[in-house]
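Trainee: Sequence:
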Amino acid sequence: MILFIRTDKSEAEIALYEDSKCIEHYTWFAHRELSTTLHRKIEEMLSRYDKSWSDITGIVVFKGPGSFTGLRIGFTVANVMSLILAVPIVSCLGDNWIADGIARLGDGENEKISVPEYGGLPNITTPKK
-18 MILFIRTDKS EAEIALYEDS KCIEHYTWFA HRELSTTLHR KIEEMLSRYD KSWSDITGIV
42 VFKGPGSFTG LRIGFTVANV MSLILAVPIV SCLGDNWIAD GIARLGDGEN EKISVPEYGG
102 LPNITTPKK
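Mapping to this note's numbering: the sequence shown position 40 is 21, numbers consecutive.
None of these hints come from the bench; they were simulated from the model. For glycine and all other residues, C-beta sits at the position ideal for the given N, C-alpha and C. Hints are not guaranteed to be accurate.
Below are the SDA-like pairs computed for lysine to any residue, each with C-alpha atoms no more than 20 Å apart in a straight line [claimed, not checked]:
(1) -10 - 14
(2) -10 - 74
(3) 32 - 20
(4) 22 - 12
(5) 93 - 65
(6) 93 - 74
(7) 2 - 88
(8) -10 - 50
Derived CB-CB ranges, DEER-like [what the hints assert, rightly or not]:
(9) 4 - 110: 40 to 48 Å
(10) 107 - 28: 37 to 45 Å
(11) 25 - 93: 26 to 34 Å
(12) 9 - 61: 19 to 27 Å
(13) 2 - 108: 39 to 47 Å
(14) 102 - -10: 26 to 34 Å
(15) 4 - 76: 16 to 24 Å
(16) 94 - -8: 39 to 47 Å
(17) 110 - 29: 39 to 47 Å
(18) 91 - 3: 31 to 39 Å
(19) 80 - 108: 35 to 43 Å
(20) 107 - 9: 24 to 32 Å
(21) 30 - 100: 30 to 38 Å
Construct all of the structure, not just a fragment, from the sequences and the given hints.
Mentor: Below, the structure written as structure tokens:
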């Protein structure tokens, strides 16, 4: 079972695929709550199909460009899950990112640590007091 994660915009996306077929594709407005909702949404999706974290055999994450913070959160979750579950991870971009990810995992690719593509320098502002 392959887990897909996309966190480059306000609406986050996760999907589960088995044998190149979509089991579920879920989108929600995560915006500033992404860090508190991403794990829960993945766990809820897995439980709907009587699956657990150990059923995940690969991870594909949308590479970007997009939200600096959103991509950082998504990539942190994806990379840690890949490490803890000992499964391959790849990052893809473009409109065909899901199909490309399935193909790359099928070819045995594993980035081991995926890195986002922000599309520019981060816009870091001074914290307000």
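Trainee: The structure should be examined with respect to each hint, and the outcome stated for every one.
Mentor: For each hint, the structure was consulted:
1. -10 - 14: With Cα atoms ~12 Å apart, residue -10 and residue 14 stay inside 20 Å; holds.
2. -10 - 74: At roughly 13 Å apart (the allowed maximum being 20 Å), residue 74 and residue -10 satisfy the hint.
3. 32 - 20: holds, 14 Å
4. 22 - 12: holds, 14 Å
5. 93 - 65: holds, 11 Å
6. 93 - 74: holds, 17 Å
7. 2 - 88: Answer holds: residue 2 to residue 88 is near 17 Å, not above 20 Å.
8. -10 - 50: holds, 9 Å
9. 4 - 110: 40 to 48 Å: At 47 Å between Cβs, range holds.
10. 107 - 28: 37 to 45 Å: At 42 Å between Cβs, range holds.
11. 25 - 93: 26 to 34 Å: holds, 28 Å
12. 9 - 61: 19 to 27 Å: holds, 21 Å
13. 2 - 108: 39 to 47 Å: holds, 46 Å
14. 102 - -10: 26 to 34 Å: The hinted range 26 to 34 Å is violated for residue 102 and residue -10, with Cβ atoms some 19 Å apart.
15. 4 - 76: 16 to 24 Å: holds, 21 Å
16. 94 - -8: 39 to 47 Å: Taking Cβ atoms as reference, residue 94 and residue -8 lie about 26 Å apart, which means the hint is violated.
17. 110 - 29: 39 to 47 Å: holds, 43 Å
18. 91 - 3: 31 to 39 Å: About 22 Å separates the Cβ atoms of residue 91 and residue 3, which means 31 to 39 Å is violated.
19. 80 - 108: 35 to 43 Å: Hint holds: Cβ distance 41 Å, inside 35 to 43 Å.
20. 107 - 9: 24 to 32 Å: holds, 31 Å
21. 30 - 100: 30 to 38 Å: holds, 34 Å
Hint compliance for this structure: hints 14, 16 and 18 are not met, and every other hint is.
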